[in-house]
Amino acid sequence: MKADGNPITPAGLAALKARYDHLLGNERPRIVEIVSWAAGNGDRSENGDYLYGRKRMREIDRELAHLARRMKAARVIDPALQVDRTRAFFGATVTLADEDDNRKFVTLVGDDEQDAGKGLIGWSSPMARALRGATVGDLRTVRLPGGAKEWEVVAIDYA
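Residue 43 in the numbering used here sits at position 43 of the sequence shown, with consecutive numbering throughout.
Quick caveat, the hints were computed from the structure, so don't treat them as lab data. It cannot be assumed that every hint is accurate.
As the list claims (entries may be wrong) - Cross-link-like lysine to aspartate or glutamate pairs, in silico, EDC-like; alpha carbons within 16 Å at most:
#	residue 1	residue 2
1	K72	D111
2	K149	D138
3	K149	D98
4	K104	D138
5	K104	D115
6	K149	E113
7	K55	E27
8	K17	D61
9	K149	D100
10	K17	E27
11	K17	E63
12	K149	D101
13	K104	E152
14	K104	D157
15	K72	D21
16	K104	E150
17	K55	D21
18	K17	E113
Using the sequences and the accompanying hints, generate a full structural model.
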């Protein structure tokens, strides 16, 4: 299954929606209340609550706009529906081994849900591009800022 555009897993889209809903339903109203209270206190030029609140409101509005754009462009792909499970495509969890047989587990996910610390690798990252279409036993070279590194694909799973 080819993943063009802005692919995302159902869980990734749910996380984006939850963040959007939290900002819109909780954070923004709280900041609006603080700014309204601070504005009623008189001189706004030296009012820290007012100035900080306005700044935070702009940050929230920017993040809401960004999240709205990402959700609109998102194309949900469910890894459980992958037909060819012998190759590494979107949603695959790939077990890799380097030349010293050090194992690494990575899951190919959308760019909006990547988290290298948890082994979630963004679909357009150098490692994900190198792994696309790989089968068990393939050797793939990943070009990183620190230099090229070769990995062997040990296993592919679509859990």
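Pair hint outcome, K149 versus D98 [Cα-Cα no greater than 16 Å]: holds, 8 Å
Given pair status - D157, K104, alpha carbons within 16 Å: holds, 13 Å
Is the Cα-Cα distance between K149 and E113 16 Å or less? Violated, at roughly 24 Å.
For the pair we were handed, K149 and D100, check the Cα-Cα distance against 16 Å. holds, 12 Å
With a cut-off of 16 Å on the C-alpha distance, tell me whether K72 and D111 pass. OK: K72 and D111 at ~14 Å, within 16 Å.
For K17 and E113, compute the direct alpha-carbon distance and say whether it is at most 16 Å. Holds, at about 12 Å.
For the pair supplied as a hint, K55 and E27, is the alpha-carbon distance within the 16 Å limit? Holds. K55 to E27 sits at ~13 Å (cutoff 16 Å).
Taking only the CA atoms, is the gap from K17 to D61 under or equal to 16 Å? Measuring from Cα to Cα gives roughly 15 Å; hence the hint holds.
Given the hint that K104 pairs with E150, does the C-alpha gap stay at or below 16 Å? Between K104 and E150 the Cα gap is close to 12 Å, so the pair holds against 16 Å.
If you draw a straight line from the CA of K104 to the CA of D115, is it 16 Å or shorter? This hinted pair holds, its Cα atoms lying about 14 Å apart.
Holds or violated: K17 to E63, with C-alpha atoms at most 16 Å apart: Answer holds: K17 to E63 is near 12 Å, not above 16 Å.
Need the status of pair K104, D138: alpha-carbon distance at most 16 Å? holds, 15 Å
The structure fails hints 6 and 17 (numbered hints given earlier, in ascending order).
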